[in-house]
Structure formats: structure tokens, C-alpha cells
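Asker: For reference, the chains in residue letters:
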Amino acid sequence: MPSEFPIPLPALPLPDAVPLSWYLILSAILFSLGVAGFLFRRNIITVFMSIELMLNAVNLSFVAFAYQLKSVDGHIFSFFVMVIAAAEAAVGLAIILTVFRNKQTLEIDEVSSLRL
Amino acid sequence: MDAMLFLTFAAIAVACAINLVLQTHPIASALSLVGVMGSLAVLYLLLGGEFIAAVQLIVYAGAIMVLFLFVIMLLNAAAEKKVKKPALKGVVAVPLVLTFLVLVAYLIQAQAPRGTGVKFGEFTGGGALDIGRSLFSTYILPFEVTSIVILIAILGAVVLARKEI
Amino acid sequence: MNFYILSLLKAGLLAFVLLTFCAYLVWIERKVLAHIQLRPGPYRVGPHGLLQPLSDLIKLITKEGLIPGNVSTVMYLFAPFLAVALALISIVTIPFGPEFEIFGVRTWLGLTDLNIGVLFILAMSSLGVYATAIGGWASNSKYALLGGLRSSAQMISYELPMALALVAPILIANTLSFRELAEAQSGFHFGLLPKWHIFAAPFPQVFSFIIFLIAAFAETNRVPFDLPEAETELVAGFHTEYTSTMFAAFFTAEYANIVTICCVTTLLFLGGWHPLFPSEYGSDFIPVILLLGVAGMFFFHAGQAVKTRLWDRFSFPVGGVVTLGLAGLFLIPMLKPILVPFFWFAAKTLLLIFVFIWVRGTLPRFRYDQLMRFAWTFLFPVAVVNLLVTALAVALTTK
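Protein chains in written order, with the working numbering: chain U, 1 to 116; chain Z, 1001 to 1165; chain L, 2001 to 2399.
Chain U extracted, bound-state conformation (with noise of 0.2 angstroms):
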């Protein structure tokens, strides 16, 4: 901080510097929500959601591990990861729009005219 604080704080008991561990573990807790609504949710649009959230997840694993390596590929990584879920989310939107036009629904237990 640039200077001193006005009223002094209490010491609380963290550390100085944040270790990189503890986004790596934020990191991982993002992606296994997004596993788990991924698979626990019945809406097609929730189910896509928690795709990006797994992306999201993904993202900040390389931003912190650019910080550790001191370079600028991991933010080069997670801005084309932006963009391809952007690509991602245009088209799998669009196709939700067909499936919901043909099917009326927007529950996945329902498009299941493929299985056997």
C-alpha cells in the first residue's frame, strides 16, 4: 500500500503475500461446481452455463500459474480460451434455439428420440 492506513487494523492471523496454492484450490473448487451442475441439471441452458463456469475455472489456473512463471503465455492461453467459448457459446446458443423450436423443451431427458 502505498502509505499507512488512517486507523490502525487489528492483526488478523493471514499471510502477508497470498500462496499460489490457494487459487489453484478456488480453481478447482469453480470446476467441480461446474461438473456438478453439469451433470445435476436438467436445463439445457443451466447445463451450458456450468460449461463456462468450468472455462472460467480454467482461466484463472492460467492466469496464476503466469504469475508463478512470471510470462505473459498463460494470459496469451486464457484470452484465446475467451474467445473460443465465445465461438462456443454463439453456436451451442443456436443450436438450443433449433432443438427448443423442434422440441418445445428445454429439458434434456427429453431430447432423447436417439437412444435406443
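Quick caveat, the hints were computed from the structure, so don't treat them as lab data. Because the structure is a prediction, the values reported are computed rather than measured. We put the CB at the ideal spot given by N, CA and C, even for glycine. Fair warning: there could be bad hints in the mix.
What the hints assert, rightly or not - List time: in silico DSS-like cross-link candidates among lysine-lysine, alpha-carbon distance up to 30 angstroms:
| # | chain 1 | residue 1 | chain 2 | residue 2 |
| --- | --- | --- | --- | --- |
| 1 | L | K2195 | L | K2307 |
| 2 | L | K2010 | Z | K1163 |
| 3 | U | K103 | Z | K1082 |
| 4 | L | K2336 | L | K2307 |
| 5 | L | K2010 | Z | K1119 |
| 6 | U | K103 | L | K2142 |
| 7 | Z | K1081 | Z | K1163 |
| 8 | L | K2195 | L | K2399 |
| 9 | Z | K1119 | U | K103 |
| 10 | Z | K1082 | U | K70 |
| 11 | L | K2195 | L | K2336 |
| 12 | L | K2059 | L | K2195 |
| 13 | L | K2010 | L | K2336 |
| 14 | L | K2307 | L | K2031 |
| 15 | Z | K1163 | U | K103 |
| 16 | L | K2142 | Z | K1081 |
| 17 | Z | K1082 | L | K2142 |
| 18 | L | K2031 | L | K2059 |
Claimed, not checked - Beyond 12 angstroms from chain Z on every Cβ pair, some chain L residues (computed):
| # | residue |
| --- | --- |
| 19 | R2044 |
| 20 | F2120 |
| 21 | F2300 |
Claimed, not checked - Label pairs and their in silico Cβ distance ranges:
| # | chain 1 | residue 1 | chain 2 | residue 2 | range |
| --- | --- | --- | --- | --- | --- |
| 22 | Z | V1091 | L | N2070 | 46 to 56 angstroms |
| 23 | Z | R1162 | L | G2187 | 49 to 59 angstroms |
| 24 | Z | K1163 | L | F2277 | 57 to 67 angstroms |
| 25 | L | N2140 | U | I108 | 25 to 35 angstroms |
Once you've looked at the hints, dock chains Z and L against the given chain U.
Answerer: Same frame as chain U, but now just chains Z and L:
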């Protein structure tokens, strides 16, 4: 101060992610995802990735999620109906995901590089200049390929979302 | 002085000035529109309607805050909050003047400087789409939903030409931070023409300025692009179902957005706080001369009080004396390094705000499909071509 900021925004991110998974209405889930992206943008700022933080807000939270919101409003998606959950889910699936999470967390703790604390302001190589330089010299080929990918995505979306006459 | 206390003081001052200015911007708009339409405008509440914003505020706050039945309350209340928060946050990165020293404290006339300042403003305006979309959807009414969707689609469509028009002066200045952008426009060509980006050396950014201004009209939902909130079209668009404080919030957010976009345009294209001609030729006395002229007009019209406007005999001389005091303020040498650059910045921003209001009083509005077609088939290709030409000019002229 860094630790306080990290814990606050990590807590917000996890809370929004849990809200995303637990909410029944898709719009509530979409807004929770926007909350996750916003708090992740702050975490990117803490990690020195200022350009990525801005791009996350402009592209991901400001464009992709707006697209999601438009589609949800267009399809008039309603809240999911409650169905009798098969007992298999509670017994097998949730503990499985939790085991996966605990395993990954333990592996990270064991393997994570020690001694590198993340302090705000230590990594200054994430600005627009560095990203631009890297993007247009080392990664020029993926950059051009992504422009073609976006073109294909636009064509695909336009063709798929067209009204069938 | 302690960094935190200084920042707190500056933030408090900025918030106060901004909110008061937004309130009086409503008065300015109503007066200017009225005079364009050859009528007096607000006149009775206070001298020349100067207390009109106060009475509007009291009216809006004391109205019944009605929350309709079938809405989801959380999102209904979240949308105006988000609108105001985003509109006020954007002001944080804007520098209003250069570095100065007063009572031993050396600081910039602006809250902070991000080295991705321009991207921050773009991010906040991208997030502002949510306020309209959620406001429209949460109101659970056909008109509000349609207005909200149309407004959001318009805002995201015009973000593209806006961003492209914004990149062109950034190519010339080679930085994303607002302070350095403004500093890059100091100095004069041939000792006379200011080095603003509109007169920039490789390629004058006139087209970027026009494209950015048109996109700014669309981003702030102003005429000629205000179909989503026009009264004759969709009742009132996305804020149909909002009353009292929530409507005041949307209203404040719209005017704060106008102020922010005009400040950004000034910094990007019109040289920020740099004067029109060098101070050797007397540009430091321009504010004094202007204010003396205004005071003269006040005193002249005070002598011509009409029978129906007897108030003028008292209010105009008072206004004249106040203006003379302001003119004297600009002559104090200790305050000059702060006031003169701030005057130039404020003059350019107020000129742009006047253009916004002038266009509102003059042009009819676009139909929705005309609006979208204009963005995608005309403005976006023109912005791309403009960016390519600027990039070519910059590449050919830099070593």
C-alpha cells in the same frame, strides 16, 4: 490487504457458483455466473493480469452472458420443475464429486510451488503492451486462426438460428 | 498528506459535484430544449426555475414506491442499483486536470489513473447493458420487456463501432491510460494549432470523433436513438414499471452516463484540459473574458425588465455579481493552475453536452430496424475502414 481482497472475492465467486448450481430459474443462474466472472476479474487484477481482467469483463461478462440472457428471455425459460430425485444421486454422485474435489485440492497442496506468494503489483507483464507484443509475434498464427474460428461461428449461428420457412 | 485521506476527500468532492451537476443537467436540458422550441421552460420554481431539480427530487422521493405484484423483487430492485453504481464508477478514472500543488499537497485533479483506463470505461458500459435488460425483464410487463431487450440489443450493437472509433486515437497516442492520452495532446502545431487528436498529425481523427459521438448517442439511449424509452412508442420502455426512487436512479444513471461519455470524448479527441491557443497569446484570460461577457449580459437584461417578469430586476443583477466574482476567481494566481485547465475541460465537455441536448431538440428518432441496420451495415464498416487508414498513417510515419 492482498489476502483480505483474495478471500473476499474468492468467497463471492464460490457463493455465486453454488447459487448457479442450486437456483432453479435460468436467469438467476445467469446472473450468478456474471457475479462469478466479476469476482474472477478482480482476482485476475490481483494476479497482475489487468488486460485479461478488462477483457473478461468486456467479452465474457459483457457480451457472452448478455447473449445467454437474450436466449433465455427469447425462449421464455421458466424455473425447473421439481422432480423426485433418484436416491442414487445423493448416495453416489455428490460424494463422488466431493472426493474428486478433495483429491485435486490435496494434489495441489502437495505439488504447488512453494515460496511464491502472490503480491499485487509484483507481476507487471500483463499489460496491453506485453500482450499485444506477444500476440503479434509469438502467437500470430493462433491469432489469425481464431479470427477464422469466429467467422465460422458467426456463419454457424446465423444458419442455425434462421427461421425455417 | 495521507493517500487514503486525500483519496477520500477527492472522492467525496467528486461525488458531490457529479450528483449536483447531474441534477442541474436536467434543468439545463429543459431550458435549452424549451428555448429551441421558443418557450421559456421551467420558470416559476425559484428564480428562472433554478430550484426545479430540487422540487423534482422531492417529488420523486415522496412518491409511493410501488413494487408490482408478480415481479421477482430481488432483480426488480437490483436493476436501478446496478445502473447508478456503474454510471458513477466510470467517473473514477477520468482526470479533470493536470497535476497541481496546493498547500503543499501535490496531486492530480482526478481520482485515480488506471493504465487500462479506456478498457475500464468500455467494461463498465458493457456491464451497463444488464441494468436495462434486467430492469425490463424483471418488470413482468410486455412493454418493459420489449423496451429492455431493444435497448440492450441497441447498446451492444453500438459498442462495436464505439470501441473501433476509440482505438484510432489510442494508436496515435500509444497508451490506454487517460492521463497519458491527455498529456499526449499537449503542445501546438506550428505554434498555433493545438495538437488535439482531432487535428492529429498522421491522420486527423475527425471521422473517429463523429463515429464515437454517434455511438455515444446510442449507448446513452438519447435521441435519435431513444426508441426504447420514448414515451410515444413503448409507454416508457424498460423503466415503465418503476416509480419514485428507482426511477430517479435510472434517470440519474442516464445523465451520469451522458457526462461520462462527454468527458471521455473530450479526453480522447478534444485534448482534455489543454487550451485552444498557447497561453503566450493570452488563453489564460479567455475564462475571465467569457465570464465578464456573461455578467455584462446579465446587467444589460436587468435594465430591460418586462412587466410580466418583474423578478428579473432582482435576479439578474444578483446573477451578474456572482459571475463577476467567478471571473475574479480566475485571476487569483494561486488558483490559476487548477482553475484554468479545469475551465478548458469543463468548457469542452459542456459544449458536447450542449450538442447532445441540441440534437435531442432537433432530430426525429430512428425506427428500431433502421437503427440496427445503421449500426451494422454503415457505422461498423466505416469504423473499420477508419481504423485501417489511421493504422496505415501511424505505421508510415513512426520510425
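Asker: Which of the listed hints are not met by the structure?
Answerer: Of the numbered hints, 1, 2, 4, 9, 10, 12, 20, 22 do not hold.
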